[in-house]
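**Student:** Sequence:
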Amino acid sequence: MANTNEILNRINERYSKMSKGQKILSTYITEEYDKAAFLTAAKLGETVGVSESTVVRFATTLGYAGYPEFQQAMAELVKEKLKEAPAPTVVYENLEDDKILDTVLLSDAKRIEQTLSQIDEQIFEIAVDMIHQAKKIYIVGIRSCAPLAQFLGFYLNMIYDNVRILSTNSLSELFEQMMRVNKDDVVIGISFPRYSMRTLKALEFANNRSARIISITDSVHSPMNLYSSCNLIAESQMSGLVDSLVAPLSVINALIIALAKKRQTQVMKNLDELERIWDEYQVYGSDELDYVSDAMKWRYKRPEDKE
2 MANTNEILNR
12 INERYSKMSK
22 GQKILSTYIT
32 EEYDKAAFLT
42 AAKLGETVGV
52 SESTVVRFAT
62 TLGYAGYPEF
72 QQAMAELVKE
82 KLKEAPAPTV
92 VYENLEDDKI
102 LDTVLLSDAK
112 RIEQTLSQID
122 EQIFEIAVDM
132 IHQAKKIYIV
142 GIRSCAPLAQ
152 FLGFYLNMIY
162 DNVRILSTNS
172 LSELFEQMMR
182 VNKDDVVIGI
192 SFPRYSMRTL
202 KALEFANNRS
212 ARIISITDSV
222 HSPMNLYSSC
232 NLIAESQMSG
242 LVDSLVAPLS
252 VINALIIALA
262 KKRQTQVMKN
272 LDELERIWDE
282 YQVYGSDELD
292 YVSDAMKWRY
302 KRPEDKE
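Heads up, the sequence shown is in the working numbering, so the first residue is 2 and it goes up one at a time.
Honestly, the hints are just simulated from the structure, not real lab data.
Treat the hints with care, since some could be wrong.
[As the list claims (entries may be wrong)] Dumping the calculated DSS-like pairs for lysine-lysine here, alpha-carbon to alpha-carbon at most 27 angstroms: (1) 270 to 137; (2) 202 to 137; (3) 184 to 136; (4) 24 to 36; (5) 137 to 184; (6) 80 to 44; (7) 136 to 270; (8) 202 to 184; (9) 202 to 44; (10) 137 to 263; (11) 44 to 18; (12) 21 to 184; (13) 184 to 262; (14) 21 to 44; (15) 263 to 184; (16) 263 to 36; (17) 137 to 262; (18) 24 to 184; (19) 24 to 202; (20) 184 to 18; (21) 136 to 263; (22) 136 to 202; (23) 18 to 202.
As the structure is a prediction and not an experimental result, all values here were calculated from the model.
Sequences and hints are given; from them, build the entire structure.
**Tutor:** Structure (structure tokens):
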């Protein structure tokens, strides 16, 4: 029996050398193969915004004799996937109440482990250097990814004074906030299925302005990678109602710590200044725990303070 994942393997192997239109096709087919399998070449092209001839060339680029053979491969993939695990919501429906905590935490731990085995450490270091050297740092994340963008922005603001978390109420607002983005800036786009068109358009706009772009997403086939020169891949999977974003958050934590180490002296000064301001304006009462703990102070000792 032929390998029914063969079509996805072929896409993965050839993805880096594909044209922009072919990458758009790859993304759609990878995520929506169950729909693509029933579309003509013309309709598939219309759906993703490319020509019919581009679709046909895409099929031959993957090694198929033509579009009919390519469509048959998609149909076989659909058949095989229908035999696999039940719908995500069934996972929760069949789960005993006393097993929920263990199941969810172990599942999240597995995604972190998978991310660690797959993420490219060299790409991670490149991302750290790009952010550190940027004149301005823009961060965009929509819907369930908005808390990730806020979290990253909150801590980067303690390290740098050039961080901007983009407000995402509308596409026009994004462009208004990014109108001065240029080649000296970095734009960090965070998006997971279902991918945000607003985030994608923000990255496209930044790319057209020659800004450096970092994507935090789930796959090499993610549309976010169309405009990104530095892709941080983290496992994310919808297990019913809730998207698991634990692995992406761990990657973001690693980014924050790596950048803080590059500016240890400044980080310590910023934390000292925050403590002074909080004390002066009585932001926290005397019964609150110290925000800047002794452990943190030790971790970010100024170089001249170290023994």
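**Student:** A separate judgement is required for each hint: does it hold in the structure or not?
**Tutor:** Do the hints match the structure? See the list:
1. Between residue 270 and residue 137 the alpha-carbon distance is near 21 angstroms, which keeps this suggested pair within the 27 angstroms criterion.
2. Annotation: proposed proximity of residue 202 to residue 137 holds, straight-line Cα distance about 19 angstroms (limit 27 angstroms).
3. Pair hint residue 184 plus residue 136 holds up; C-alpha atoms about 9 angstroms apart against a cutoff of 27 angstroms.
4. A hinted pair counts as satisfied when its Cα atoms are at most 27 angstroms apart, and residue 24 with residue 36 qualifies at roughly 17 angstroms.
5. For the suggested pair residue 137 and residue 184, the alpha carbons sit about 10 angstroms apart, so the restraint of at most 27 angstroms is met.
6. Restraint check: the Cα-Cα separation between residue 80 and residue 44 comes to about 21 angstroms, which is no more than 27 angstroms; the hinted pair holds.
7. The suggested pairing of residue 136 with residue 270 holds, with an alpha-carbon distance near 20 angstroms, which does not exceed 27 angstroms.
8. In summary, the hint linking residue 202 to residue 184 is supported, as the alpha carbons are separated by about 17 angstroms, within the 27 angstroms threshold.
9. Proximity of residue 202 to residue 44 is assessed by CA-CA distance (about 23 angstroms); at most 27 angstroms being required, the pair is judged to hold.
10. Proximity of residue 137 to residue 263 is assessed by CA-CA distance (about 17 angstroms); at most 27 angstroms being required, the pair is judged to hold.
11. Taken as a hint, the residue 44 and residue 18 pair is honoured in the structure, with Cα atoms around 24 angstroms apart against an allowance of 27 angstroms.
12. With a CA separation close to 21 angstroms, the supplied pair residue 21 and residue 184 stays within the 27 angstroms bound.
13. A hinted pair counts as satisfied when its Cα atoms are at most 27 angstroms apart, and residue 184 with residue 262 qualifies at roughly 25 angstroms.
14. The hinted pair formed by residue 21 and residue 44 meets the criterion: a straight-line CA distance of about 19 angstroms does not exceed 27 angstroms.
15. Pair hint residue 263 plus residue 184 holds up; C-alpha atoms about 22 angstroms apart against a cutoff of 27 angstroms.
16. For the given pair, residue 263 sits about 47 angstroms from residue 36 by alpha-carbon distance, which is inconsistent with the 27 angstroms threshold.
17. Simply put, residue 137 and residue 262 have alpha-carbon atoms about 19 angstroms apart, close enough for the 27 angstroms limit, and the pair holds.
18. The straight-line distance between the Cα atoms of residue 24 and residue 184 is roughly 24 angstroms, inside the 27 angstroms bound, and the hint therefore holds.
19. The straight-line distance between the Cα atoms of residue 24 and residue 202 is roughly 16 angstroms, inside the 27 angstroms bound, and the hint therefore holds.
20. Using a Cα cut-off of 27 angstroms, the hinted pair residue 184 and residue 18 holds, with the two alpha carbons roughly 24 angstroms apart.
21. Between residue 136 and residue 263 the CA atoms are separated by roughly 16 angstroms; this keeps the pair inside 27 angstroms, and the hint holds.
22. Only pairs whose Cα atoms come within 27 angstroms are accepted, and residue 136 paired with residue 202 is accepted, the gap being roughly 22 angstroms.
23. Between residue 18 and residue 202 the alpha-carbon distance is near 22 angstroms, which keeps this suggested pair within the 27 angstroms criterion.
Taken one by one, the earlier hints fail for this structure only at number 16.
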